[in-house]
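Full structure from sequences and hints, please.
Protein chains: 2
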Amino acid sequence: MSDQPLGIFDSGVGGLTVTREIVKVLPGENIIYFGDTLHRPYGSKSLKNIRYYTEYIARYLLEERGCKALIIACNIASIAGQKTVENKYSRPIMGPVEAGVREAMKMTRNNRVGVVATSGTAESGVYQKLMSSMNGQVQVFAKGAPCFVSFVENGVFTGKAVQAAAEKYLGSFKGTEIDTLILGCTHFPYLQEVIQKVVGPDINLIFPGLTMALDLKATLSQKGLLRESTKAGDREFLVSDLKSLFPGFIKYGEKFLGMGSLFFKEESIY
Amino acid sequence: MSDQPLGIFDSGVGGLTVTREIVKVLPGENIIYFGDTLHRPYGSKSLKNIRYYTEYIARYLLEERGCKALIIACNIASIAGQKTVENKYSRPIMGPVEAGVREAMKMTRNNRVGVVATSGTAESGVYQKLMSSMNGQVQVFAKGAPCFVSFVENGVFTGKAVQAAAEKYLGSFKGTEIDTLILGCTHFPYLQEVIQKVVGPDINLIFPGLTMALDLKATLSQKGLLRESTKAGDREFLVSDLKSLFPGFIKYGEKFLGMGSLFFKEESIY
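Protein chains in written order, with the numbering used here: chain A, 1 to 270; chain B, 1 to 270.
Check before you lean on any hint, since a few could be wrong.
Mimicking PhoX-like on lysine-lysine, the simulated pairs with C-alpha atoms at most 20 Å apart in a straight line are [to be verified]:
#	chain 1	residue 1	chain 2	residue 2
1	B	K168	A	K168
2	A	K160	B	K168
3	B	K160	A	K168
4	A	K129	A	K83
5	B	K243	A	K143
6	B	K168	A	K251
7	B	K217	B	K24
8	B	K197	A	K160
9	A	K265	B	K48
10	B	K48	A	K243
11	A	K168	B	K251
12	A	K48	B	K265
Think of the hints as simulated: they come from the structure by calculation, not from any bench.
This is the structure we're talking about:
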């Protein structure tokens, strides 16, 4: 079973930022990445529809491909469908929300935490609820940044348009005195440079990817599922619509991620 | 049959710019508008997948709802699926490409025409092919502007981010000496102000909507399908995912379009 791949999925290429951390922490693992480019962006869709896609992809990765664990990299997919998937399968299922929250609670000094995410995640109230349940003192400010995903999928990580959008979306954190900002969307680490510049150097940016990778390692180890190999594992990158994967992204994404060549194939699972 | 509604569809709210022109030219017609917000944006998807959605929505509007004519407002849906739909149904089916091209050929003085569209439409080569077949002298320059649709769907029609994106996308027309620019995506008329400012006042912008509405009137009249009513027709606005319809769009869209209240309902056709 330890040779079976890890299944990682996202609405598009955002989950590659999580994959990068998993590859660093668990280099020997075989990986199947699935980007649902046919249905991206998820961030604005109804939870009912996102749950349907999440269950569909989980079935493909866990049943058809026999993945030993499932990493739901996408925040809104985890919010919409992780519980249903956990109830159906006994294999480890992981999402980014808890990891991000745990990390933020460790980092904040003044108990004022911001979350920037897609509209769906920001409006879901999930981050707010989870943080309040862990610490009644914490104040959470969540803000949607709907156009960020579109920039990333197009391979636009910096420049005037991103800068203007970041100023527009992040401007509302002014006056909140947050000292910690969770990037509640797997696409946003690509925009880290611009985001950090706009919010200023005193605010800690939280990417759940590394915490997720460390949690995953602990879980696999505990269940005897670690693949202890000195050779790098196989990595397969799949998308549901190859045309929707922009050459612009591949060009800049490969450089940004540093995981080597991103060779994507289309897999018609729907 | 003349009381039967017109069916108009688009990937989202872009087709409302065409609907506005149809309402002006044919105020007595009953209209069912369908925005496939669950699957937007279409512009980057493979033609195979867009064809599937186009056929599905055509079946809903023409068979289930008995529409007397179908207006495919979305450029890429018309490119991907109009022929298949025309082969299946004997009712009038209209798309924006031919209307835009005819209008541009009338307007250009120097036979240099630009097309700004979604990546899918720009790369399809359809505008280039159609114009060359009509006039061997014409030179066509097509350019994709992938983030424009996302701005519009979010209700962002002006401002710094749109301006920066417009400069980036439209900058490549510099040096081409075009005197006419086709907006080859129904979403782009919402950004008319910024687009005109960036390309300068000497370039004619072509919106196919009005030409489509006049063509439609002629076709309906010829087939005895015109609804000659002194009262305004009924208008029904449907989307496949209500959550994906942004309050921001409704707020600014109603004002921009001036067709009165846009009350959208979700219709699960898939």
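Hints versus structure:
1. B:K168 to A:K168: holds, 19 Å
2. A:K160 to B:K168: holds, 9 Å
3. B:K160 to A:K168: The given pair, whose Cα atoms are some 9 Å apart, holds under the 20 Å limit.
4. A:K129 to A:K83: With Cα atoms ~16 Å apart, K129 (chain A) and K83 (chain A) stay inside 20 Å; holds.
5. B:K243 to A:K143: holds, 17 Å
6. B:K168 to A:K251: This hinted pair holds, its Cα atoms lying about 18 Å apart.
7. B:K217 to B:K24: It holds: about 11 Å lies between the C-alpha atoms, which stays within 20 Å.
8. B:K197 to A:K160: holds, 18 Å
9. A:K265 to B:K48: Status holds; Cα separation ~16 Å.
10. B:K48 to A:K243: holds, 10 Å
11. A:K168 to B:K251: holds, 18 Å
12. A:K48 to B:K265: Roughly 16 Å separates the two Cα atoms, so the pair holds.
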